[in-house]
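K.L.:
Given next are the chains, with one letter for each unit.
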Amino acid sequence: MIEAILFTLSLGGICGLALSVASKVFYVYEDPRIARVENLLAGANCGGCGYAGCSAAAEAVVNEEAPPNVCILIGPESVAAIAGIMGSEAGTAESYKSFNNCKGGSRATDRFIYQGLNRCSAVNALYGGKHDCHIGCLGFGDCVRACKFDALEIGPNGYPIVDKGKCVGCGACERVCPKSIIEVRTMSQRLLHLNTEDDALAPCQQTCPAEIDIPQYISHIREGRYDSAVDTIRERNPLLLACGRVCPHPCEEYCRRAIEDDDAVSINQLKRFVADVEMNSGRRLPISSAPDTGKRVAVIGGGPAGLSCAYFLRRVGHSVNIFEAMPKLGGMLRYGIPEYRLPKAVLDWEIEGILNLGIDHHTNVRMGVDFDLGSLVGAGFDAIFMGVGAWKDYKLKIPGEDLKGCFTGISFLSRMGNQEHVDIGRRAAVIGGGNTAIDCVRTLIRMGVEKVYLVYRRTRKEMPANEVEIVAAEHEGVEFVFLAAPNKVIGDDEGNVTGLEYLKMELGEPDASGRRRPVPVEGSETVLDVDMIITAIGQSPDTTFRTPGTRMDELNITRWDTIDVDPDTCRSNVPYIFAAGDGATGPALVVDAIGGGRRAARGIDLFLKGKPVTAQPRALLSKRHIPESLFTDVGGVGKSVRTPMPELPVQERIKTFVEADLVIAEPDANTEANRCLNCCRLCYDPDKGADKPDSLNAA
Amino acid sequence: MGDYTVLIISSILINNIVLAQYLGICPFIGTSKKMETATGMAGAVVFVMTLAAIITWTIDTYFLKTLNIEFLRTISFILVIASLVQFVEMFLKKSIPALYAGLGIFLPLITTNCAVMGVCLINIKEEYSFLQALVSSISYAVGFGLALILFAGIRERVILGRVPRPLQDTSIGLITAGMLALVFIGFKGLV
Chain A
1 MIEAILFTLS
11 LGGICGLALS
21 VASKVFYVYE
31 DPRIARVENL
41 LAGANCGGCG
51 YAGCSAAAEA
61 VVNEEAPPNV
71 CILIGPESVA
81 AIAGIMGSEA
91 GTAESYKSFN
101 NCKGGSRATD
111 RFIYQGLNRC
121 SAVNALYGGK
131 HDCHIGCLGF
141 GDCVRACKFD
151 ALEIGPNGYP
161 IVDKGKCVGC
171 GACERVCPKS
181 IIEVRTMSQR
191 LLHLNTEDDA
201 LAPCQQTCPA
211 EIDIPQYISH
221 IREGRYDSAV
231 DTIRERNPLL
241 LACGRVCPHP
251 CEEYCRRAIE
261 DDDAVSINQL
271 KRFVADVEMN
281 SGRRLPISSA
291 PDTGKRVAVI
301 GGGPAGLSCA
311 YFLRRVGHSV
321 NIFEAMPKLG
331 GMLRYGIPEY
341 RLPKAVLDWE
351 IEGILNLGID
361 HHTNVRMGVD
371 FDLGSLVGAG
381 FDAIFMGVGA
391 WKDYKLKIPG
401 EDLKGCFTGI
411 SFLSRMGNQE
421 HVDIGRRAAV
431 IGGGNTAIDC
441 VRTLIRMGVE
451 KVYLVYRRTR
461 KEMPANEVEI
471 VAAEHEGVEF
481 VFLAAPNKVI
491 GDDEGNVTGL
501 EYLKMELGEP
511 DASGRRRPVP
521 VEGSETVLDV
531 DMIITAIGQS
541 PDTTFRTPGT
551 RMDELNITRW
561 DTIDVDPDTC
571 RSNVPYIFAA
581 GDGATGPALV
591 VDAIGGGRRA
601 ARGIDLFLKG
611 KPVTAQPRAL
621 LSKRHIPESL
631 FTDVGGVGKS
641 VRTPMPELPV
651 QERIKTFVEA
661 DLVIAEPDAN
671 TEANRCLNCC
681 RLCYDPDKGA
691 DKPDSLNAA
Chain B
700 MGDYTVLIIS
710 SILINNIVLA
720 QYLGICPFIG
730 TSKKMETATG
740 MAGAVVFVMT
750 LAAIITWTID
760 TYFLKTLNIE
770 FLRTISFILV
780 IASLVQFVEM
790 FLKKSIPALY
800 AGLGIFLPLI
810 TTNCAVMGVC
820 LINIKEEYSF
830 LQALVSSISY
840 AVGFGLALIL
850 FAGIRERVIL
860 GRVPRPLQDT
870 SIGLITAGML
880 ALVFIGFKGL
890 V
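First to last, the sequence lines map onto chains A and B. Heads up: the first sequence runs through residues 1 to 699, numbered per my numbering. Heads up: the second sequence runs through residues 700 to 890, numbered per my numbering.
Isolated chain A, as found in the complex (with noise of 0.2 Å):
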């Protein structure tokens, strides 16, 4: 018995001693902190977060690659508590959610079938599953297996809707989804995430300049959900009410719908139709933002790039103040579109509500005059976004331009927008074949001159203005007068216009541009009767802000005066300085401004986080398209009639500056929504009854 007591006694001690001298021996030094932080954490070991345990959560907390609210389960008090341990803000990190990015599924066309197999994985595995869409979703559900919170199903379509209040983020969905059509992200990651060759994107939404998910928000407006149409655009474009309006929309020209002998869809009638209704509604859509990072950003210049920058910064955490020499924001908006277009209520409300969310600015204060880069740098800035704009007119550099009488385009529109009183004369001509020649003809024959030219030197096929504005100029009166090179301006003895004299021309060979040069006919001087000129052949930026002997004087700029920066991320060759818009592209359309505003966002956001400020990997940019989604035809398409746009008769018009487009019906907004084909990148929806193509590899 003894013996036994004796043998346990010492067995025990024996193993004990040893535990005891290993444990100092092969002692490893591990971060206190972890420990501390796993006592906070909920201790289920349930895998939520996407660890391996808590204790692995616990470690990626304290190295920093998870936020302190990795952990699904506990409360806010325990976040604060590890955010204390961790040193950081309880709320910097941003909670993650599941997004299915597959919206045409099963339309795809079969390209095996697979008999007993059900899994995504399975057939994944088998020459990439069963459609012909290398990207899409296989629809077998493994997300819906992987998810523990029974957050995901699949829809009528045949692919996973995702339920956003079930969802915690932990990402399973994510790991077991063979074609990464499910994706766990932050909001801000979204908002920040540029089209890229892998995503599934219709060949309208690559064509945007803003990468609007079209097909999405049309599909919510034919289900008759306006409000997650308006945020579906929101999360790229915050200026949709102005883009409605005046957006030429390029989208268009690669509808799937006009590749055969059918019109586009109007998708730009929609967007403004959902965005007026939001108005219209009086009640602004909550518009969510990310926690607080404490940094602060300087925009300069409060147009469409300047607010659309803004914008984002500001919804993906960052605090931001936008200064504007102007006496209102809108920039290019506000006073280079005229009102019949843009009414300045509807773009007071757009811009309300971007400062709504909790952006500050100020008005009246011109880089290089009122403030410059030292006192930004000064103040706490910790980057800053140029969206200066092109506010310089060209001249035409001929004699009498200076006479009285004579005005340049853009300071035309700009004292029209901030209703001064501009002396107009009788017979007017415009020089130049833009839209800003356009807007300022239209705001002429509004404000009762007579007669109004305008005076371009090719012919109407070579003009760059839209068409619907060439039109509707016919429409109201203004006589064009091509092939005219403007020679010289005729003064009276009082510095007043008289008349405008011009030189024929004729076309002659192609130029780089491939469009024909005009070239002048000898002896062809004619005069043209006028008391005002308006001269509107391009801008360029306005660059006096750079102040000899700063950095600003540092900043790189082309050759056509525009803020030399990379493309991709919108950076100057001043790391904090960022730039989009006009003035760093040269004159270009709003929502090409919104997408550069978007994309300097993004490079100041990694800016500021630290990170590398570089390209997203295969992003699809400067215009490019995914050769595969464009198609040579479209089989199934019946043919339907694209909705008129509504507008005020012409003799009505002419009078005021009254809105002159009108939006359409809710009625005809159905059903021109119901005209989209639902596109996706290789797959579509054809009129119901139609048999599905098989000419999709012939594309």
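Calculated directly from the structure, the hints in this document are not laboratory data. There could be a bad hint or two in this list.
[Unchecked claim] Derived list of chain A stretches under chain B, where covered just means 3 residues or more per stretch with a C-beta under 8 Å from a C-beta of chain B:
(1) 4-13
(2) 19-32
(3) 118-128
All C-beta atoms, glycine included, are put in the ideal place defined by N, C-alpha and C.
Since chain A is already given, all that's left is putting chain B on it; use the hints.
P.N.:
For chain B alone, kept in the frame of chain A given last:
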């Protein structure tokens, strides 16, 4: 030499610790969903089972038997195996961090693997010599690894098939394990 060949073959195949003696079923079901974890577990078991068998054999032969206190066998083996696993874990963490990270969660799980205890007790029951105990425990561990890896390979493929809902996951796993055991019965006449 012939005896050892028989011992190896019978320990690996005929008396396979999982499929013939039904020990260590929990890690067999729990870690066989993926080939990667199955190989990790197999490696860890070979390591621990061999060490545990040697130490328990020594304790049994030189202490328990000489002192005539064999009734303490179970409790002392439990204590030794648990301490051994802890010790090995600490040793690997410090000395071979790569192996420690590779074995990961499986090392502590072995503490509760009844196959380890089973092999130690078999060695005593069969009255093996030291060398025999060493060879048999390595062979049993290899047999465990073989069964686990075969089973994981089958389960990875079964998951792709159309399994009726009530039989999915562990249920079909147990049925598969039963079939695998039937197959191993076929080795009975080998020696």
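K.L.:
Are the hints correct? Go through all of them and say.
P.N.:
Consistency of the hints with the structure:
Proximity of the stretch 4-13 of chain A to chain B, defined as three or more residues with a beta carbon under 8 Å from a beta carbon of that chain, is established by the 5 residues found. For the stretch 19-32 of chain A, the assignment as covered by chain B holds, since 7 residues bring a beta-carbon within under 8 Å of that chain's beta-carbons and 3 suffice. Only when three residues or more bring their CB closer than 8 Å to a CB of chain B does the claim for the stretch 118-128 of chain A stand; here the count is 5, and the claim holds.
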